[in-house]
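S.K.: Using the sequences and the hints, build the whole thing.
Residue numbers (the numbering used here), protein chains in the order written: chain W, 1 to 73; chain Z, 1 to 678.
For the record, the hints were derived by calculation from the structure and aren't laboratory data. The structure displayed is predicted, hence computed values, not measured ones. By construction, the Cβ of each residue, glycine as well, lies at the ideal position given by its N, Cα and C atoms. Treat the hints loosely; a few may be bogus.
[Stated by the list, open to error] Between beta-carbon pairs, the in silico distance windows are:
| id | chain 1 | residue 1 | chain 2 | residue 2 | range |
| --- | --- | --- | --- | --- | --- |
| 1 | Z | 33 | W | 23 | 39 to 47 angstroms |
| 2 | Z | 526 | W | 68 | 23 to 31 angstroms |
| 3 | W | 56 | Z | 223 | 18 to 26 angstroms |
| 4 | Z | 7 | W | 39 | 38 to 46 angstroms |
| 5 | W | 64 | Z | 292 | 28 to 36 angstroms |
| 6 | Z | 658 | W | 55 | 53 to 61 angstroms |
| 7 | W | 64 | Z | 414 | 51 to 59 angstroms |
| 8 | W | 64 | Z | 425 | 55 to 63 angstroms |
| 9 | Z | 572 | W | 50 | 49 to 57 angstroms |
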Amino acid sequence: MRRETERDARCGMRDAALPFLTRLVRVVRRIIGAPDYQAYLEHCRSAGHAPTLGEREYVAQFFESKGRGVRCC
Amino acid sequence: MQPLASLLVWSGISVLGAAAFGVLALSRGETVNAAWLLTAAVCTYAVGYRFYSKFLASRVFGLDDRRATPAERFNNGRDFVPTNKWVLFGHHFAAIAGAGPLVGPVLAAQFGFLPGTLWLVIGVVLGGAVQDFVILFCSLRRDGKSLGQMAKEEVNPAAGATAMLAVLFIMIILLAVLALIVVNALKASPWGLFTIACTIPIALLMGWWMKRWRPGSVGEASAVGAVLLLGALVAGGWVAGQPHLAPLFTHSATALTWMMMGYGFIASVLPVWMLLCPRDYLSTFLKITTILVLAIAILVILPPLRMPALTPFASLGEGPVFAGKLFPFAFITIACGAISGFHALVASGTTPKMIARESDARLIGYGGMLMESFVGVMAMIAACTLEPGVYFAMNTTPAALAQASQVLGQAGFVVTPEFMRELAARMGETTLLARSGGAPSLAVGIAQIFAGATSVLGGKTLDALWYHFAIMFEALFILTTIDTGTRVGRFMLQEIVGHVWPRFAETSWYPSVIASSALVVAGWGYFLYQGVVDPLGGINSLWPLFGISNQLLAAVALCVGTTILIKMGRGRFAWVTATPLAWLVIVTMTAGWQKVFSADPRLGFLAHAASLAGSANPDTARLIFNDRLNTFVALLFMTIVTVLIVTSLREWWLVLSRRKTAVVHEAPYVETGYATGD
Numbered sequence: 001m002r003r004e005t006e007r008d009a010r011c012g013m014r015d016a017a018l019p020f021l022t023r024l025v026r027v028v029r030r031i032i033g034a035p036d037y038q039a040y041l042e043h044c045r046s047a048g049h050a051p052t053l054g055e056r057e058y059v060a061q062f063f064e065s066k067g068r069g070v071r072c073c
Numbered sequence: 001m002q003p004l005a006s007l008l009v010w011s012g013i014s015v016l017g018a019a020a021f022g023v024l025a026l027s028r029g030e031t032v033n034a035a036w037l038l039t040a041a042v043c044t045y046a047v048g049y050r051f052y053s054k055f056l057a058s059r060v061f062g063l064d065d066r067r068a069t070p071a072e073r074f075n076n077g078r079d080f081v082p083t084n085k086w087v088l089f090g091h092h093f094a095a096i097a098g099a100g101p102l103v104g105p106v107l108a109a110q111f112g113f114l115p116g117t118l119w120l121v122i123g124v125v126l127g128g129a130v131q132d133f134v135i136l137f138c139s140l141r142r143d144g145k146s147l148g149q150m151a152k153e154e155v156n157p158a159a160g161a162t163a164m165l166a167v168l169f170i171m172i173i174l175l176a177v178l179a180l181i182v183v184n185a186l187k188a189s190p191w192g193l194f195t196i197a198c199t200i201p202i203a204l205l206m207g208w209w210m211k212r213w214r215p216g217s218v219g220e221a222s223a224v225g226a227v228l229l230l231g232a233l234v235a236g237g238w239v240a241g242q243p244h245l246a247p248l249f250t251h252s253a254t255a256l257t258w259m260m261m262g263y264g265f266i267a268s269v270l271p272v273w274m275l276l277c278p279r280d281y282l283s284t285f286l287k288i289t290t291i292l293v294l295a296i297a298i299l300v301i302l303p304p305l306r307m308p309a310l311t312p313f314a315s316l317g318e319g320p321v322f323a324g325k326l327f328p329f330a331f332i333t334i335a336c337g338a339i340s341g342f343h344a345l346v347a348s349g350t351t352p353k354m355i356a357r358e359s360d361a362r363l364i365g366y367g368g369m370l371m372e373s374f375v376g377v378m379a380m381i382a383a384c385t386l387e388p389g390v391y392f393a394m395n396t397t398p399a400a401l402a403q404a405s406q407v408l409g410q411a412g413f414v415v416t417p418e419f420m421r422e423l424a425a426r427m428g429e430t431t432l433l434a435r436s437g438g439a440p441s442l443a444v445g446i447a448q449i450f451a452g453a454t455s456v457l458g459g460k461t462l463d464a465l466w467y468h469f470a471i472m473f474e475a476l477f478i479l480t481t482i483d484t485g486t487r488v489g490r491f492m493l494q495e496i497v498g499h500v501w502p503r504f505a506e507t508s509w510y511p512s513v514i515a516s517s518a519l520v521v522a523g524w525g526y527f528l529y530q531g532v533v534d535p536l537g538g539i540n541s542l543w544p545l546f547g548i549s550n551q552l553l554a555a556v557a558l559c560v561g562t563t564i565l566i567k568m569g570r571g572r573f574a575w576v577t578a579t580p581l582a583w584l585v586i587v588t589m590t591a592g593w594q595k596v597f598s599a600d601p602r603l604g605f606l607a608h609a610a611s612l613a614g615s616a617n618p619d620t621a622r623l624i625f626n627d628r629l630n631t632f633v634a635l636l637f638m639t640i641v642t643v644l645i646v647t648s649l650r651e652w653w654l655v656l657s658r659r660k661t662a663v664v665h666e667a668p669y670v671e672t673g674y675a676t677g678d
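M.R.: Put into structure tokens, the structure is as follows:
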């Protein structure tokens with residue numbers, strides 16, 4: 001069986017410290033391309049800097065960026 | 001796995017796949033169970049993924065997990081985010097899967113189930129999945145750059161500009177064809193139109209919910225949206241039965257065309273969170289769920305295929321759905337599902353910015369495309385479970401049906417008017433005749449499969465509800481593509497005009513937003529209108545144009561991929577991209593040539609225009625103009641790709657003959673910060 005690695009843990013999906021439901025919600029969010037402010041805050045914590053965006057700003061920027069992507073035929 | 005056990009397992013899979021292909025190819029005159037088709041496809045995908053994609057990953061591309069990906073280097077918690085490969089597989093698949101793999105195989109079923117299936121299965125393993133994988137790999141090594149940027153840097157600036165123009169023109173044709181499918185599915189269908197109309201206020205409510213009321217609460221908003229959507233679906237049946245309400249939602253194709261154009265314009269101008277994003281979430285949920293349920297339903301009931309392996313239209317070239325022989329038209333009718341240039345835009349868009357390790361690109365790029373092909377195979381099964389007579393009656397205009405009546409009669413593809421009336425009543429429609437575009441016939445196939453599955457499970461068969469569910473499912477994600485496509489087309493137009501008028505490039509300057517949106521909508525709206533009023537149904541002329549343009553974009557992507565492989569010093573492996581490229585060039589140039597210059601008026605635009613000359617029909621001048629416009633568009637696509645191929649060939653020659661030093665614009669190597677062995 002494939003061992004769990006640091007990189008997998010950083011991907012936020014295999015973090016055993018998180019409750020199952022939280023992990024599931026996070027997986028679904030990533031699949032459908034939904035904003036995840038908690039993941040952004042965790043990223044800022046692990047990167048060692050304070051968050052530069054509030055939740056509303058983060059969501060607004062995320063949606064704006066999503067609007068520039070293409071959906072295939 | 002032990003080497004011997006591995007050898008035995010993979011030999012078994014290969015033999016099983018070959019046997020399934022044998023059954024499909026040798027069956028004549030009797031119905032074949034869909035299980036054989038599924039077995040052949042799945043075994044081929046398994047062998048292709050296990051061996052060919054591994055060869056591409058290790059020998060051709062040299063994927064290196066010690067190299068930091070853009071997601072790791074630029075991680076900002078928003079666009080660049082290292083993501084688990086299975087999650088990203090789902091995300092990438094949701095972005096590449098659209099109406100194409102569902103509609104193309106349905107249309108190609110006029111040749112029988114075999115040609116389309118072979119192209120879907122073989123084309124994806126050797127072409128489509130390779131294209132997606134190579135572009136994903138190239139973008140991954142270039143900080144997530146787009147196809148146009150890579151063409152500009154790796155081939156030359158003219159190639160970059162050509163690729164950008166090609167994308168814009170292709171987008172216009174693509175949106176027109178997709179809109180035509182929706183119009184044909186919703187014309188004179190109050191149930192369908194009511195349900196789809198309800199998605200607009202539902203999306204607005206969801207947008208307000210997740211932007212203003214509870215920022216980022218996509219799950220909650222989507223759950224509410226899904227419940228409301230199902231409510232609208234059920235209510236649609238009631239509305240269609242009300243004498244005072246039904247006429248409000250019963251419209252002609254022409255009226256629906258204007259509504260679609262108005263909708264596309266508004267969706268492009270409104271803030272993205274208001275309509276585009278919520279609709280996108282809703283359609284993504286619906287798409288993934290329906291595809292999973294369809295796969296399970298097909299596996300549960302394993303329906304027999306009523307369409308023969310080959311129909312007379314494969315060699316005659318006078319098919320009532322669209323004109324042209326099996327070669328080259330089967331290969332451009334099925335684009336998404338076998339090979340689709342549009343995927344190169346996704347593979348060089350969001351996906352490369354989220355890959356955690358280079359080796360994940362194999363599952364996401366190659367594997368994601370195999371999954372898309374599987375969706376195409378399911379669509380082929382759904383279409384081929386219909387009685388051939390029903391299939392042709394639904395997908396053909398009365399004029400084309402009359403022309404093909406002799407061949408249809410000889411082949412036994414007949415259906416009585418009473419049967420069609422009874423079928424339409426069962427599906428909750430007034431008529432199912434001449435519903436060209438593929439969506440309604442796919443919806444009938446899906447409805448029959450779902451109804452069959454619920455019968456097996458002891459449930460009630462609800463044909464009409466399933467039919468309208470399938471229509472809603474197709475229309476919803478086609479409209480999502482129209483939203484995003486119009487918007488992206490608008491951005492491209494603003495960027496192009498911005499080179500001569502910088503203010504126009506400001507995406508927040510409303511005069512520019514309105515003018516560019518109106519121009520893009522007018523572009524696809526014109527082709528849509530042309531398709532709607534076309535006596536042959538529109539699909540006959542527009543779908544081949546879309547197929548040619550999409551495959552030519554794939555040729556652009558493969559040109560870029562081949563150039564990069566040669567510059568990387570891997571010229572001995574250039575055949576992996578050059579072979580599908582050569583095939584696509586042969587197919588698309590032949591198809592383009594025939595569409596323009598064929599002497600058959602049903603096939604050639606110019607011959608059709610000549611046949612109309614002197615006609616008393618008041619629309620003659622407009623029809624002739626449309627034929628000439630289509631000729632221009634086809635020749636333009638062919639010219640654009642010829643320019644790109646010639647410039648690429650020159651670049652390959654210069655590099656291979658050492659007349660020019662190969663400069664690869666890869667991002668510098670940075671070792672991953674993750675622990676060794678990750």
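S.K.: The structure should be examined with respect to each hint, and the outcome stated for every one.
M.R.: Hint-by-hint comparison with the structure:
1. 33/Z <-> 23/W: 39 to 47 angstroms: holds, 40 angstroms
2. 526/Z <-> 68/W: 23 to 31 angstroms: For residue 68/W against residue 526/Z, whose Cβ atoms are near 25 angstroms apart, the range 23 to 31 angstroms holds.
3. 56/W <-> 223/Z: 18 to 26 angstroms: Holds, at about 22 angstroms.
4. 7/Z <-> 39/W: 38 to 46 angstroms: With a Cβ separation near 43 angstroms, residue 7/Z and residue 39/W satisfy 38 to 46 angstroms, so the hint holds.
5. 64/W <-> 292/Z: 28 to 36 angstroms: holds, 31 angstroms
6. 658/Z <-> 55/W: 53 to 61 angstroms: For residue 658/Z and residue 55/W the Cβ distance comes to about 57 angstroms; the hint holds.
7. 64/W <-> 414/Z: 51 to 59 angstroms: holds, 55 angstroms
8. 64/W <-> 425/Z: 55 to 63 angstroms: violated, 47 angstroms
9. 572/Z <-> 50/W: 49 to 57 angstroms: 51 angstroms Cβ-Cβ, so the 49 to 57 angstroms window holds.
When the structure is compared with the earlier hints, a violation turns up for hint 8 alone.
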